[in-house]
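Chemist: Dock the two chains into a complex; use the hints.
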Amino acid sequence: DAKTTQPNSMESNEEEPVHLPCNHSTISGTDYIHWYRQLPSQGPEYVIHGLTSNVNNRMASLAIAEDRKSSTLILHRATLRDAAVYYCILRDGGGSNYKLTFGKGTLLTVNP
Amino acid sequence: DAGVTQSPTHLIKTRGQHVTLRCSPISGHKSVSWYQQVLGQGPQFIFQYYEKEERGRGNFPDRFSARQFPNYSSELNVNALLLGDSALYLCASSFTGARGANVLTFGAGSRLTVL
Numbered sequence: 001d002a003k004t005t006q007p008n009s010m011e012s013n014e015e016e017p018v019h020l021p022c023n024h025s026t027i028s029g030t031d032y033i034h035w036y037r038q039l040p041s042q043g044p045e046y047v048i049h050g051l052t053s054n055v056n057n058r059m060a061s062l063a064i065a066e067d068r069k070s071s072t073l074i075l076h077r078a079t080l081r082d083a084a085v086y087y088c089i090l091r092d093g094g095g096s097n098y099k100l101t102f103g104k105g106t107l108l109t110v111n112p
Numbered sequence: 001d002a003g004v005t006q007s008p009t010h011l012i013k014t015r016g017q018h019v020t021l022r023c024s025p026i027s028g029h030k031s032v033s034w035y036q037q038v039l040g041q042g043p044q045f046i047f048q049y050y051e052k053e054e055r056g057r058g059n060f061p062d063r064f065s066a067r068q069f070p071n072y073s074s075e076l077n078v079n080a081l082l083l084g085d086s087a088l089y090l091c092a093s094s095f096t097g098a099r100g101a102n103v104l105t106f107g108a109g110s111r112l113t114v115l
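If you're matching them up, the sequences are chains B and Y in order.
Taking this note's numbering, the leading residue of the first sequence gets 1, the next gets one more, and so forth.
Taking this note's numbering, the leading residue of the second sequence gets 1, the next gets one more, and so forth.
Just chain Y, same shape as in the assembly (with noise of 0.2 Å):
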């Protein structure tokens, strides 16, 4: 079976620009998230998507959005980027959205360079 898969790879943009990162989740899972890691640092959370609705924004400006699809991929859109927007970006995907027991997974991310 797939894993979560993840595209572009990479990228590069010039500041100012606009980014969509995509998204297909393992079959059969219902939920997705997005996470931000920069270079050093733990990921950390932007959005999670549950049966297409937003369950969960993290402490990211407006300049980031996202959305879910009926088959359940997502697209995370970044517009007016800046430096400091380069990062990893992580997709996650699990079966249901919440709960202390649920198990995300990964997919091995999008690295994007802003210049």
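The shape of chain B in the complex, shown without the other chains (with noise of 0.2 Å):
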């Protein structure tokens, strides 16, 4: 599986827009990019996917670079409750890919 690489923690203040970054170098044409976010004590939780295009959802934003070889998810506002471990994986949209692979992911602090 393509690898991704994201910082181990980043701090935000409440209602402040919040850009979490994610590096995929390695990434292949049928990839797809998916971010999902764990709160504390629940399972993880989707929140976005995208291919090429930048891509919006009622929780956030997907802007995808041109290259593909990084992305960014966007929280417009952030609020104590996004606080969390935030995913980005790579998953192949080609053959039988039926798993995936979860790195150590973003730990998001929000401040009141």
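Just so you know, the hints here were simulated from the structure itself, not pulled from any lab data.
No experiment lies behind these values; they were computed from the predicted model shown.
Worth double-checking, as some hints may not be accurate.
[Unchecked claim] Cut-off 20 Å, straight-line C-alpha distance, at most; resulting in silico cross-link-like pairs (SDA-like, lysine to any residue):
id : chain 1 : residue 1 : chain 2 : residue 2
1  : B       : Lys3      : Y       : Gly58
2  : B       : Lys104    : Y       : Lys52
3  : B       : Lys104    : Y       : Gln44
4  : B       : Lys3      : Y       : Gln37
5  : B       : Lys3      : Y       : Ala101
6  : B       : Lys3      : Y       : Gly40
7  : B       : Lys3      : Y       : Phe69
8  : B       : Lys3      : Y       : Gln41
9  : B       : Lys104    : Y       : Ala108
10 : Y       : Lys30     : B       : Lys104
11 : B       : Lys104    : Y       : Val38
12 : B       : Lys104    : Y       : Gly40
Modeler: So, in structure tokens, the structure goes:
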């Protein structure tokens, strides 16, 4: 599986935007970029995914670099409930990719 | 609609015992996956089942086994428990088994402590 690199931790203030980076220099043409987050004492939760174009949903936006070697998850206005570990994961769209390969993710702290 | 439900939520076992963990997927989801999350680490893939057939297996010993039932619920079994099996065991369901755009919905997990 192609690997991703994320900062171990980031800090933000409440109601400010947060940009969470992810590097994936070995991404292949069929890899989708997925983001999940895990709140304390909960299972991971799907946030957003994309292939080539930027994506928006009610939770976040995903900005994908033109060469697809990096991406950024954008939380437009962080709240205390957004404090979690954020995982950037590549998923092969070809063949029978059946698993998510999690790294250590980025621990996001949101200050009141 | 109910999400992915797992039972039990917490359990304590001793070394050498076996454990069975259960998972009910979201209604209509035909795929179930199991992950192990050790404290401080990201989840690690154990198994994936789709339409009652094993589609993938992670790098875990044969002490770990699973199955999926006709109603798409699933069980994870671990025999001869070791201290290192202490972890949060997560179940995830999805409508299909594969493909890059497929999204998983996770349960809250079963916290296993082995003494």
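Chemist: So if I understand the rule, the pair passes when the alpha-carbon distance is 20 Å or less; does B:Lys3 with Y:Phe69 pass?
Modeler: violated, 33 Å
Chemist: Taking only the CA atoms, is the gap from B:Lys3 to Y:Gln41 under or equal to 20 Å?
Modeler: Holds. B:Lys3 to Y:Gln41 sits at ~16 Å (cutoff 20 Å).
Chemist: With the threshold set at 20 Å, check whether the alpha-carbon distance from B:Lys104 to Y:Ala108 stays at or below it.
Modeler: holds, 18 Å
Chemist: Under the criterion that the straight-line Cα-Cα distance not exceed 20 Å, is the pair B:Lys104, Y:Gly40 satisfied?
Modeler: holds, 8 Å
Chemist: Within 20 Å, alpha carbon to alpha carbon, are B:Lys3 and Y:Gly40?
Modeler: holds, 19 Å
Chemist: Check the hint pairing B:Lys104 with Y:Gln44 against an upper bound of 20 Å on the C-alpha distance.
Modeler: holds, 11 Å
Chemist: Going straight from one Cα to the other, do B:Lys104 and Y:Lys52 come out at no more than 20 Å?
Modeler: The given pair, whose Cα atoms are some 31 Å apart, is violated under the 20 Å limit.
Chemist: When you check the alpha-carbon spacing of B:Lys104 and Y:Val38, does it fall within 20 Å?
Modeler: holds, 11 Å
Chemist: Taken at face value, is the distance from the CA of Y:Ala101 to the CA of B:Lys3 at most 20 Å?
Modeler: Holds - the C-alpha atoms of Y:Ala101 and B:Lys3 are around 17 Å apart, at most 20 Å.
Chemist: Holds or violated: are the alpha carbons of B:Lys3 and Y:Gly58 at most 20 Å from each other?
Modeler: Roughly 17 Å between the alpha carbons, so the hint for B:Lys3 and Y:Gly58 holds.
Chemist: If you draw a straight line from the CA of Y:Lys30 to the CA of B:Lys104, is it 20 Å or shorter?
Modeler: violated, 28 Å
Chemist: Is the hinted pair B:Lys3 and Y:Gln37 satisfied, with a Cα-Cα distance of at most 20 Å?
Modeler: Holds, because 19 Å separates the two Cα atoms, which is no more than 20 Å.
Hint compliance for this structure: hints 2, 7 and 10 are broken, all remaining hints hold.
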